[in-house]
Structures are given as structure tokens and as C-alpha cells.
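J.: Fit chain B to the given chain A structure using the hints.
Quick note, the sequences are listed as chains A and B, same order.
Numbers 5 to 196, taken from this note's numbering, label the letters of the first sequence in order.
Numbers 5 to 196, taken from this note's numbering, label the letters of the second sequence in order.
Hints are not guaranteed to be accurate.
In this list, chains with the same sequence are indistinguishable; a pair is considered to hold if it fits within one copy or across any two.
Okay, derived cross-link-like pairs now, SDA-like style, lysine to any residue, Cα gap no bigger than 20 Å in a straight line [to be verified]:
1. LYS92 to PRO64
2. LYS196 to VAL139
3. LYS196 to ALA144
4. LYS173 to ASP49
5. LYS173 to HIS48
6. LYS196 to ASN132
7. LYS173 to TRP195
8. LYS92 to LEU14
9. LYS196 to GLU131
10. LYS93 to ASN24
11. LYS114 to PHE103
12. LYS173 to ARG191
13. LYS173 to ARG51
14. LYS92 to ASP25
15. LYS196 to ASP141
16. LYS173 to ARG137
17. LYS114 to HIS124
18. LYS173 to ILE136
19. LYS71 to GLY115
20. LYS173 to ARG52
21. LYS173 to LEU46
22. LYS196 to THR134
23. LYS173 to ARG192
24. LYS93 to PRO64
Worth flagging that the hints you see were computed from the coordinates, not collected in a lab.
This structure is a prediction, so every number in the text was calculated from the model and none was measured.
Protein chains: 2
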Amino acid sequence: MTTFAIIGHLARTDGGFSLNDLPGSGGRMDVLCRCVNASLFLSHDLRRDADCYLVLLGAPAGPKTVKFSGASVRSLSPDERSAGALVKKVIDTPCGSEFREAADGVSIRKGGLERLMTEHAFAVLDENGTDIRTVQDLPAAYLLSDHLNFTEQENGLTGACPRYSVGPKCLHADHAITVLQNELDRRRCGWK
Amino acid sequence: MTTFAIIGHLARTDGGFSLNDLPGSGGRMDVLCRCVNASLFLSHDLRRDADCYLVLLGAPAGPKTVKFSGASVRSLSPDERSAGALVKKVIDTPCGSEFREAADGVSIRKGGLERLMTEHAFAVLDENGTDIRTVQDLPAAYLLSDHLNFTEQENGLTGACPRYSVGPKCLHADHAITVLQNELDRRRCGWK
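So that you can see chain A by itself, here it is in the shape it has in the complex (with noise of 0.2 Å):
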């Protein structure tokens, strides 16, 4: 199982988002919904075994965390449109501290990154980290930034985890998920 979260710092918190306007109205809700289809799209095929959590920190709602789970997402399309669709689905479903399903495969809860660092051991994402290829155990959860860089108090809760470089040039977070993926397969299938 291979875990990807991705922190939208302006990302919209209920449904009050246009999908003909995701980055604006949406509070960059575009970022995400490439990182969910790089999580979890293989061609004409979905990853069975990834996640994506989306934690979603912008107006007006407070911290809300959405989950795509690979096993059992369905009417998810590679498209950014399709992913802000179910984004805009599950929304504004009444949820609590716990996940609730509100759509095949998509969940929601309240609260943000802090529960999240609990339930999972992350390696941040940072152009600064290691090398990817060089690190000999590769973990099974990733944790990455939007558009926006950490903050301090972001920053204070992940200072103890490990940090890793898919490459020499500073990416989106979706094109680093799809080369950290790849490095992935590689493995698992004895590629160098």
C-alpha cells in the first residue's frame, strides 16, 4: 500500500466551488485533483493499492481531510473536472473526527494534518531531501505541499520525518508523485 497526502492550503472546505474554476474559486482545488490522479491512475487502470488523502485547509469550513482510496473508488476519471466533481460530492456531507464514505472509495472527516501524522509514518517530499534513488528502504507514505510551502507550524510537526528528492528540479507536487510512483514500480518489478 502506498500513501500520498497533500496539503491544499487554500483549498475550499465546502461546496461553494465552481468546477468550471478550480483554481480560483476552489482555492487551487486543481493542484489536488492532478496529485489524485497521479496517486492513483495507471493507464486504462486504477492502483488498487494507494491512497490519497487531500487535506484541505482553506474557507469557510475549517480542516477537512478527503480520502481516495484505490480499492474502491469508482466514476473517478482522470480528468481534474472529475475529481473535483467527488471533491464537491463528499464535501459537505456531515462528518465528524472519523472518515465517513460519502461516495464509492471517497471519504471525508474533520480535522486536518495532526491526526494524519499519527495513523501514518511519512517521508516529506522536499527538493532538498535525498536523492529517492539513493534511499535503500522506500516508505510507504508520502507528504507533500500544494502550490504553497509548508508552514512553520507544518514544518514543526513533520521535523522528524524523513526528507526525500524525486530530482533535481523544484516540480508540482503531481509530477513528483508520478516520478516517486515510478521509482516504486521499478522496484517491485526489478527494474533498476
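T.: Relative to the frame of chain A, chain B by itself:
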């Protein structure tokens, strides 16, 4: 300079598609838009040394080729809709067999793969090809297909091209471009 070309077998060749339905009305234009993103975007920057050609083969106007030039493109954001809006803006521009710039850094001409093959020494990205990590000198131009396989005619045109694979899993075209860009970044920057 790195060049990517993606064949859009069903991609609409006039502006009669909706930005709200790039997969359906656009003939999987969403795939092509993500390929533009993967070819040209770094985090908070553009790859000014990359070009991306979209070869549009769908209804109703016959083959057209749209060129996104990393060196000069403007008004391009990472979301699919942004690239789609630029395609829609240029697609109905009257043009002949030579590229005509119809928006900053976005050009269009009539014709498809046959002409493009005379201008670039493409390698074909193919899941059955040679592992890119084992190729000593990676070429400067890469050809990919959208969600459909290459046709027999296209396989005929590209029969003499080297065929390279980015990994053991069959990936979406945009993910393959991302992995390849990472391999090229590493080599240029002296990473393994």
C-alpha cells in the same frame, strides 16, 4: 531543446468543444492538455527549452498540429482548462501548411504526423521499449499516443524510430512525459 509530440486520435479540430467537457466534446483533449502541462511546467516556472506538439486528428476539419513553445508561451496555467482554452483560441485560425502563431507561443498548421516526422528524430515512448535508464544518449524528441494505441499507419511511419519505455507499468502519456523529463533533468544536472 526537448520536444514532445502527442497524437490525439479523436481530438477535435475546430473550436466546437466545451472547456467544461474536454474529455467528451474535445475528443479526450484533457489527455493532450495534461501532456502540455507535463512537457512545459516546473514548479513556479516553465521549461523554456521544451516544445510540445499536439497532433489533432479528430472531427471535423482534418489533421491539424498545435505547437506550444516553452520559450514564448504566455497565459498558460497548469490546469487542464488553461491549455484547453489556448487550443480553442488558436484552432480555428486560418492556416496553411506552415506554422502560424495564433497566441503568444502557440502556433497552428494543417497536417499531422507525416510532416512532423520529417522535422524531428523522434523516439517513440512505448511500454515494450528499452528502459530509458539504460539508454546512454537519450534523444531530444519523443512521440507518444493519447489513450489509444498507435494506428497501423502510424506504426508504419515510426517503424524506424527507437522505442523507449519509462518503466514496468503502462502509464498515461502525461505521466510518461513527467518521468522522462525527470530522467533528462537528472542527466543534465549530474544526478544519477
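J.: So, for every hint listed, does it hold in this structure?
T.: Cross-check of the supplied hints:
1. LYS92 to PRO64: within (14 Å within a copy, 34 Å between copies)
2. LYS196 to VAL139: both (13 Å within a copy, 13 Å between copies)
3. LYS196 to ALA144: within (19 Å within a copy, 23 Å between copies)
4. LYS173 to ASP49: For LYS173 and ASP49, only the inter-copy Cα distance (10 Å) is at most 20 Å; the intra-copy one is 29 Å.
5. LYS173 to HIS48: Answer is between: at 11 Å across copies they meet the 20 Å cutoff, but 29 Å inside does not.
6. LYS196 to ASN132: This pair counts as between: shortest inter-copy Cα distance 16 Å, intra-copy 23 Å.
7. LYS173 to TRP195: Between. Shortest inter-copy distance 11 Å satisfies the 20 Å Cα cut-off; intra-copy 23 Å does not.
8. LYS92 to LEU14: within (15 Å within a copy, 29 Å between copies)
9. LYS196 to GLU131: Between copies only: 16 Å across, 22 Å inside.
10. LYS93 to ASN24: Both ways: LYS93 and ASN24 sit 15 Å apart in one copy and 17 Å across, limit 20 Å.
11. LYS114 to PHE103: within (8 Å within a copy, 52 Å between copies)
12. LYS173 to ARG191: Intra 22 Å, inter 11 Å, cutoff 20 Å: inter-copy only.
13. LYS173 to ARG51: This pair counts as between: shortest inter-copy Cα distance 10 Å, intra-copy 26 Å.
14. LYS92 to ASP25: both (12 Å within a copy, 17 Å between copies)
15. LYS196 to ASP141: both (14 Å within a copy, 17 Å between copies)
16. LYS173 to ARG137: Answer is both; intra-copy 15 Å and inter-copy 18 Å each pass.
17. LYS114 to HIS124: Classified as within; 17 Å inside a copy, 52 Å across copies.
18. LYS173 to ILE136: both (13 Å within a copy, 19 Å between copies)
19. LYS71 to GLY115: within (12 Å within a copy, 44 Å between copies)
20. LYS173 to ARG52: between (29 Å within a copy, 13 Å between copies)
21. LYS173 to LEU46: between (24 Å within a copy, 7 Å between copies)
22. LYS196 to THR134: Both ways: LYS196 and THR134 sit 18 Å apart in one copy and 12 Å across, limit 20 Å.
23. LYS173 to ARG192: between (25 Å within a copy, 10 Å between copies)
24. LYS93 to PRO64: within (16 Å within a copy, 35 Å between copies)
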